[in-house]
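Colleague: Order-wise, the sequence lines are chains D and G. Following numbering that gives the first Met the number 0, the numbering of the first sequence begins with 0 at its first residue and continues without gaps. Following numbering that gives the first Met the number 0, the numbering of the second sequence begins with 0 at its first residue and continues without gaps.
Each hint should be verified, as a subset may be incorrect.
[Unchecked claim] Not everything, but these chain D residues come out facing chain G in the computed CB check (under 8 Å):
1. T243
2. R279
3. E488
The set of hints was computed from the structure by calculation and includes no laboratory data. Every value quoted in this text rests on a predicted model; they were computed, and no experiment measured them. Glycine included, each C-beta is placed from N, C-alpha and C at the ideal position.
So you can see what is in the structure, the chains are spelled out below.
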Amino acid sequence: MATEKKIKIALVGNPNTGKTSLFNQLTGLNQKVGNYPGITVDRVQGVCKLDENTTATIIDLPGTYSINPNTIDESIVLETLINKENPDFPDLVIVVGEVANLKRNLFLFSQIKDLEIPVILAINMADQMKRKGISLDLAILEKELQTDVILISARKNIGIEKLKETILKPKHQKHNSLEDYSQRMDIGFFKRIQRELPNIPLYKAWLLITQCNDLSPYTKEEQNTIETFRTDEDKLTRLQHKETVLRYVKINDILKKAYNVNPEKATTLRARLDKILTHRIFGYVIFALILMLIFQGIFNFASIPMDYIDTAFADLSNYAKNNLPAGMFTSLLSEGIIPGIGGILIFVPQIVILFLFVAVLEETGYMSRVVFLMDKIMRRYGMSGKSVVPLISGTACAIPAIMAARNISGFKERLITILVTPLTTCSARIPVYAIIISLVIPDKYYYGFNLQGLTLMLLYLIGFIAAIGSAYILNKILKVQNKSYFIIEMPNYKLPSLKNLAITVIEKTRAFVFGAGKIILAISIVLWFLASNGPAQTYGKASDIIQKENNLNGIDLNSNQINQQIASYKLEHSYIGILGKTIEPAIKPLGYDWKIGIALISSFAAREVFVGTLATIYSVENSNDTTGIKQRMQAEINPQTNKPRFDFPTGMSLLIFYAFAMQCMGTLAIVKRETDTWKWPLYQLFGMTSLAYLLAFITFKMLS
Amino acid sequence: MTKTVADLRIGEKGIIEHVCLNNIPLKLLEMGCMPGKEVELIQIAPLKDPLYIIVNGSHIAIRKEVAQLIEIH
Numbered sequence: 000m001a002t003e004k005k006i007k008i009a010l011v012g013n014p015n016t017g018k019t020s021l022f023n024q025l026t027g028l029n030q031k032v033g034n035y036p037g038i039t040v041d042r043v044q045g046v047c048k049l050d051e052n053t054t055a056t057i058i059d060l061p062g063t064y065s066i067n068p069n070t071i072d073e074s075i076v077l078e079t080l081i082n083k084e085n086p087d088f089p090d091l092v093i094v095v096g097e098v099a100n101l102k103r104n105l106f107l108f109s110q111i112k113d114l115e116i117p118v119i120l121a122i123n124m125a126d127q128m129k130r131k132g133i134s135l136d137l138a139i140l141e142k143e144l145q146t147d148v149i150l151i152s153a154r155k156n157i158g159i160e161k162l163k164e165t166i167l168k169p170k171h172q173k174h175n176s177l178e179d180y181s182q183r184m185d186i187g188f189f190k191r192i193q194r195e196l197p198n199i200p201l202y203k204a205w206l207l208i209t210q211c212n213d214l215s216p217y218t219k220e221e222q223n224t225i226e227t228f229r230t231d232e233d234k235l236t237r238l239q240h241k242e243t244v245l246r247y248v249k250i251n252d253i254l255k256k257a258y259n260v261n262p263e264k265a266t267t268l269r270a271r272l273d274k275i276l277t278h279r280i281f282g283y284v285i286f287a288l289i290l291m292l293i294f295q296g297i298f299n300f301a302s303i304p305m306d307y308i309d310t311a312f313a314d315l316s317n318y319a320k321n322n323l324p325a326g327m328f329t330s331l332l333s334e335g336i337i338p339g340i341g342g343i344l345i346f347v348p349q350i351v352i353l354f355l356f357v358a359v360l361e362e363t364g365y366m367s368r369v370v371f372l373m374d375k376i377m378r379r380y381g382m383s384g385k386s387v388v389p390l391i392s393g394t395a396c397a398i399p400a401i402m403a404a405r406n407i408s409g410f411k412e413r414l415i416t417i418l419v420t421p422l423t424t425c426s427a428r429i430p431v432y433a434i435i436i437s438l439v440i441p442d443k444y445y446y447g448f449n450l451q452g453l454t455l456m457l458l459y460l461i462g463f464i465a466a467i468g469s470a471y472i473l474n475k476i477l478k479v480q481n482k483s484y485f486i487i488e489m490p491n492y493k494l495p496s497l498k499n500l501a502i503t504v505i506e507k508t509r510a511f512v513f514g515a516g517k518i519i520l521a522i523s524i525v526l527w528f529l530a531s532n533g534p535a536q537t538y539g540k541a542s543d544i545i546q547k548e549n550n551l552n553g554i555d556l557n558s559n560q561i562n563q564q565i566a567s568y569k570l571e572h573s574y575i576g577i578l579g580k581t582i583e584p585a586i587k588p589l590g591y592d593w594k595i596g597i598a599l600i601s602s603f604a605a606r607e608v609f610v611g612t613l614a615t616i617y618s619v620e621n622s623n624d625t626t627g628i629k630q631r632m633q634a635e636i637n638p639q640t641n642k643p644r645f646d647f648p649t650g651m652s653l654l655i656f657y658a659f660a661m662q663c664m665g666t667l668a669i670v671k672r673e674t675d676t677w678k679w680p681l682y683q684l685f686g687m688t689s690l691a692y693l694l695a696f697i698t699f700k701m702l703s
Numbered sequence: 000m001t002k003t004v005a006d007l008r009i010g011e012k013g014i015i016e017h018v019c020l021n022n023i024p025l026k027l028l029e030m031g032c033m034p035g036k037e038v039e040l041i042q043i044a045p046l047k048d049p050l051y052i053i054v055n056g057s058h059i060a061i062r063k064e065v066a067q068l069i070e071i072h
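Using the sequences and the hints, build the whole thing.
Modeller: In structure tokens, the structure reads:
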């Protein structure tokens, strides 16, 4: 049997060239999203079988226009390709280009080629060449670029086999065009680099001098030499500009021979669509309509499967209780684990819908138009048009959204975006909102709009206004250096590929369910334990105490009522009851009791735990109840007023509290990693939570 | 006064004559925005900023402050 051969391949390319489509085509669902060590850029890796004996590990590097990094995302490409010791250092690079933007793709290609790693150029969207009037002479291109060039169409699965064959037998040619350029840039300077750093290839040395922060693989002496070359920054900048111009001169020469486009056939669809979608009035109207569609969708479409999941888990929990031998394990299963898992799965429908919408906006190219439309407005609030992407993805989950802020080049703009993004309504708030809205807002229609849907939309609006308002204030008070520039590509409009959408949604939902799920499940179990145990003098003697009290007061009850009383007494004197009672005075002004207090505390791990916590508490207290969580909440009575516990003032106060409070450890951890200090997440935690307390207090007082 | 990309009207074209190398982001150059290239203004965002241009086959949006650094004729 032949031995299995393993190779590593890196995919590199400009954004919007279909790099991810190619990656999906090569690896299918054999993907693994992880993090680069120390930083949180998604590191996407997949496995592809090339032939019987060879498998390739494929790394999808972040999209970039150049190897010179402008953002943290882009710096990954350089760090991966320049350091042979890097665990991701590839045996081969595939540069993905696109027929319509070949010139710019070749710019990146020429830089990668100079790194002297074997390279294949895959030119994507070849199926559109005819329609766009483009003709390409592959033979000339291969000869001039000294590399294999493959035409592919990743979405239509054309050319993928040929690409795999070529990966197995690539041509290797040494190529370092910087040596040619250096003659025309500053020959003396480059001769000196070569002389003083004899063990490093010239282009690599040049990149180390101008770009690289991590010099650890090099000797102390080399590091010092590199530092001395860095002193004249103006000169380096000038040389970099010159290098760029010279690379383009060469690329233009090559393309003149190999590339021809018939201008009459050049598609004008993009221009025509842009006239409408970026129009000063229609542009905003369309954007607003799309947002409304998303929000109505989340509430209306998702509610049906959510109700099913809710009842199914209530039934399952009941089934477990009635059919398993009574005892510790059954109780843990039916009151801790099953409601806990139900609490996670209940948001899957909403998350799927949200991720789907965000993915469609990104895939079609529409998101760039939104950035264009919003830049000037966002700048007034100290942010950039690019902040729109985090703010919109923040409606799915603040964690990936804060990571998406990496594209913003100005530090202040990026910081403000990171700080305010958690105020947008993330999907973890939806279960809380959904259940409270369904309890306190009537399910009626008002001018054709569902009143509950409208309330949810209002909450989203509050989230956005809070984010924008805070940004405005932060912009005034933050004294941070800001050197930013703004360049964004307006990619061609594309129909979203179903395969890409499916993979994005499945991967993100999977990551969310397992990531958040672990926390939620662990908390459910801890909660169950704290709710089913308590100090021996009170909790342990619950039935004696209740009996004694009843005898003392001369009350005669049937056994069912007595059991109910015992259960309530037990919960109140369990560890969690004691905890809830302790904080009750602090939250009473907001209209909450100690049971809601427990849910608030556990929500600080993650908001969505709120519903699961109440589910656990009520089912521990009332284990004969067979209804879902909503009915239980509805049945909960405030003993002081004898009215429902979740009445209008308390409900609204809770909604406002959840809209503003920073209750997500995951987000705090990400903000710490992204800003590299605990200062900002702590500001968020205290600032947002005090704001939440204050506003919930005002709401409750005004309504009751 | 020299004419810059910021002075173009929608649909108007110009040839880049000079870019102020010290202030302009390298990234813009890397996108192919350099002397000798034709630049066309496609759209101006609702509040007069940013500008949407085509240069070197790239459809890009830049802010007015950067557009003012690209001299054309």
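Colleague: For every hint, state whether the structure bears it out.
Modeller: Verification of the supplied hints:
no. : hint : in the structure
1   : T243 : 5 Å, holds
2   : R279 : 4 Å, holds
3   : E488 : 5 Å, holds
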